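> Take the sequences, apply the hints, and build the full model.
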Amino acid sequence: MVLHTLRLATVPLTFTTSRLFLKPSPTLSFFSRHVQPRKPSFLLRAFSNSSAVQDTPLTQTSSDSSAARPPQWKAAIDFKWIRDNKEAVEINIENRNSNADLEAVLELYENMVTLQKEVEGIREERNNVAKKMKGKLEPSERERLVEEGKNLKESLVTLEENLVKLQDELQHVARSIPNMTHPDVPVGGEDSSAIRKEVGSPREFSFPIKDHLQLGKDLDLIDFDSAAEVSGSKFFYLKNEAVLLEMALLNWTLSEVMKKGFTPLTTPEIVRSSIVEKCGFQPRGDNTQVYSIDGTDQCLIGTAEIPVGGIHMDSILLESSLPLKYIAFSHCFRTEAGAAGAATKGLYRVHQFSKAEMFVLCRPEDSESFHNELIQIEEDLFTSLGLHFKTLDMATADLGAPAYRKFDVEAWMPGLGRFGEISSASNCTDYQSRRLGIRFRPSEPLQTGPKKGKANLPPTKFVHTLNATACAVPRMMVCLLENYQQEDGSVVIPEPLRPFMGGIEAIKPKLR
Amino acid sequence: MVTLQKEVEGIREERNNVAKKMKGKLEPSERERLVEEGKNLKESLVTLEEDLMKLQDELQHVARSIPNMTHPDVPVGGEDSSAIRNEVGSPREFSFPIKDHLQLGKDLDLMDFDSAAEVSGSKFFYLKNEAVLLEMALLNWTLSEVMKKGFTPLTTPEIVRSSIVEKCGFQPRGDNTQVYSIDGTDQCLIGTAEIPVGGIHMDSILLESALPLKYIAFSHCFRTEAGAAGAAAKGLYRVHQFSKAEMFVLCRPEDSESFHNELIQIEEDLFTSLGLHFKTLDMATADLGAPAYRKFDIEAWMPGLGRFGEISSASNCTDYQSRRLGIRFRPSEPLQTGSKKGKANLPSTKFVHTLNATACAVPRMMVCLLENYQQEDGSVVVPETLRPFMGGIEVIKPKLR
Chain A
5 MVLHTLRLAT
15 VPLTFTTSRL
25 FLKPSPTLSF
35 FSRHVQPRKP
45 SFLLRAFSNS
55 SAVQDTPLTQ
65 TSSDSSAARP
75 PQWKAAIDFK
85 WIRDNKEAVE
95 INIENRNSNA
105 DLEAVLELYE
115 NMVTLQKEVE
125 GIREERNNVA
135 KKMKGKLEPS
145 ERERLVEEGK
155 NLKESLVTLE
165 ENLVKLQDEL
175 QHVARSIPNM
185 THPDVPVGGE
195 DSSAIRKEVG
205 SPREFSFPIK
215 DHLQLGKDLD
225 LIDFDSAAEV
235 SGSKFFYLKN
245 EAVLLEMALL
255 NWTLSEVMKK
265 GFTPLTTPEI
275 VRSSIVEKCG
285 FQPRGDNTQV
295 YSIDGTDQCL
305 IGTAEIPVGG
315 IHMDSILLES
325 SLPLKYIAFS
335 HCFRTEAGAA
345 GAATKGLYRV
355 HQFSKAEMFV
365 LCRPEDSESF
375 HNELIQIEED
385 LFTSLGLHFK
395 TLDMATADLG
405 APAYRKFDVE
415 AWMPGLGRFG
425 EISSASNCTD
435 YQSRRLGIRF
445 RPSEPLQTGP
455 KKGKANLPPT
465 KFVHTLNATA
475 CAVPRMMVCL
485 LENYQQEDGS
495 VVIPEPLRPF
505 MGGIEAIKPK
515 LR
Chain B
475 MVTLQKEVEG
485 IREERNNVAK
495 KMKGKLEPSE
505 RERLVEEGKN
515 LKESLVTLEE
525 DLMKLQDELQ
535 HVARSIPNMT
545 HPDVPVGGED
555 SSAIRNEVGS
565 PREFSFPIKD
575 HLQLGKDLDL
585 MDFDSAAEVS
595 GSKFFYLKNE
605 AVLLEMALLN
615 WTLSEVMKKG
625 FTPLTTPEIV
635 RSSIVEKCGF
645 QPRGDNTQVY
655 SIDGTDQCLI
665 GTAEIPVGGI
675 HMDSILLESA
685 LPLKYIAFSH
695 CFRTEAGAAG
705 AAAKGLYRVH
715 QFSKAEMFVL
725 CRPEDSESFH
735 NELIQIEEDL
745 FTSLGLHFKT
755 LDMATADLGA
765 PAYRKFDIEA
775 WMPGLGRFGE
785 ISSASNCTDY
795 QSRRLGIRFR
805 PSEPLQTGSK
815 KGKANLPSTK
825 FVHTLNATAC
835 AVPRMMVCLL
845 ENYQQEDGSV
855 VVPETLRPFM
865 GGIEVIKPKL
875 R
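For the protein sequence lines, the chains are A and B, in the order given.
Take 5 as the starting number for the first sequence in our numbering and just add one per residue.
Take 475 as the starting number for the second sequence in our numbering and just add one per residue.
Bear in mind the hints are in silico, worked out from the structure with no lab data behind them.
It is possible that some hints are incorrect.
Think about it this way: if two alpha-carbon atoms lie no more than 30 Å apart in a straight line, the pair counts; the simulated DSS-like pairs of lysine-lysine are [what the hints assert, rightly or not]:
(1) A/K121 x A/K84
(2) A/K514 x B/K623
(3) A/K264 x B/K873
Bear in mind that the values here come from a model prediction, so they are computed numbers and not experimental data.
Written as structure tokens, this is what we have:
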């Protein structure tokens, strides 16, 4: 295969004299083929866990809202393991400030196991009765057995109903048990998060600086006012060079991440609410982040993690097809219910935005190294753009329920005068795959042996899943506009983006 | 309503007269009489004013469904009466059995409808691999070409208040509505960027010197496609969500016809550059939407589907939308040395004319490109104009598995 680096989208502009067209330079285009099993399933977790850029705490999967009715789907939770490691699980629940009720889970589990044995016992008795009735019997004996059979059947029906109810209740309560935690993760709240890395330093300005909203107005790049009339607050139009900048960011990100072997995707932005639930969101709870569509069971996605996770749900992948690495582009929609205060200004917190999301499915032994790979990709991207940022190893109380470990990148936003989250990279181990039903069959070890039958196939295991923000456009725009502003009111374009914007080097104030 | 209005005005005048009389010096009995008369008038007035408002509301309600007038050259009749304005190219001759875009999409691993059916439902899809690059190339190239013609690029909200949808001439909440509504709000998803762009200047008075305003707007579009059944629902041809670049113009009334020609010319140039075979139709009266004074549709040849399929539409809505959105302009004052200028001397405002035209509807373009450019070996050639926007890729090839 010939290597093509993708350099995309040079767009000539009427207000520059330079012609921008990327001359095609042959390097490698990656379109790695994977065997794709068909059914989508993905376990998406609360937004802050994923690449969603968001400060509000993760909503954990709670059992309350659906306690009244049986669950639509079952998470393949390893109860035995939980029971055998209950101290560690309890400590983990505390460290994460989770409201999961371990005692209830263990009790329900024991009851269920007991009831299950009882049910099995009765089934066996019934089978014995049925066997006996096949032989030659006295009429009175036969009558007695028929009677016994009836009684057993009635008990069985009742017990089986109870068993199903127990199993459903167990599901409800157990789903909120958060993932275990990587031993290196700091224990505590927001202030306990550890700085893994810091790149660059805050730029020194020799003139009074503007925030991105002011720059957006002065350079005619962003319109919030018309959008407030047309749609409501936290909506916006991008204009002029800002449109080119969004396209340049997405094109460049695609180009860079594809070089690392990720398969590009675009996704549906309307999904069934059951998928959203499997992802750990509460489509219909109070303060839900999720927009629902009237008259259907569908919702708008808040991140491409949702539809991408769904691609392989209820599937068994071949080990040889792992890892599966996607870079997915979508618009994202969030109600931002409950997000109030200063962290809502301008582009920092909006209802609709474009995002490029990385998603990996891999073998369990590889997830830690993929987590490192993902954060490395993010750091490389942001370093190339010249941003000053720090990478945080998020403390236990700030992890979403699915995340075994989570690295957030916060970039310096001089106009806002603080660091703001621009990306998040989570290793969800098997938390999501147990809910989405994504397994793989390990390859068979080389051995000459007796004939292979199904009995000889190695048993399936759950994959590990990871997700990471490659580019959340509005937050990146805040960073670029605020950091690259000049005294004359213009904004310089970072070099890597220029070929993707038709060579534009600066966004200048326009003559009016 | 006009009659009732006169009546209301009559009574107001009487009431004013009574009030005036009461200012003078009066006998107590006279005053009492006038006070009584004032009260009666007031009561009548309240009732009449309520009735007037109800009448006005009902009038609005019923009158809104009166469609725009029609350009005199538009053919009268149904689908079959539409006239062909222009035809470009001819159907490509294939020397091998051809595939439709769905088959090509499967064979080249470019789209996934099956997973999307599980995740979202029918008529949803994922694009993969080169198809993602192709979508981005189409949008980037379209932006580039249309900007050269002086259009301002925009991205828009895709959630809007339902009132805006109505003002543009769509029905958010009817049966078989094309519009998705958001639960628990008065908001909807847009089916086209025409809607949020139309809303930018609503309830405004523009300067004549600001016209024309020419936008090229990019958005995702969402359509329920309720009521659309049958063969024209296959694959990418009819989907619930897609990317589109839309041109929108606000101009003076005298200019809308020439802008309509400019817009259709831009579309024809774009599709010609891509090497498509297409015809431009002047849509007949029964096929115009209520807002359109005149509408040109372009249908391109889709060999895999074996027929022409609509890839774009360009409408001149004259003042239909602007009367609903409240978009006016104030003509520039004629040059004159004159007496002091006061508000009374300003020329009165007029309604702008609005036009909209599809620059690129990605899925339909993809159908055309995949089906027309397929090769015998199963690959698809990328039109030259798009190659620089796709990193130089010349062909989408079958991949080794």
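> Now tell me, hint by hint, if it's right for this structure.
Each hint tested on the structure:
1. Distance restraint check for A/K121 and A/K84: the Cα-Cα separation of roughly 16 Å lies within the 30 Å cut-off, and the hinted pair is therefore satisfied.
2. Straight-line distance between C-alpha atoms of A/K514 and B/K623 comes to about 18 Å, which keeps the hinted pair within the 30 Å bound.
3. Of the supplied pair hints, the one linking A/K264 and B/K873 holds, its CA atoms being roughly 18 Å apart against a limit of 30 Å.
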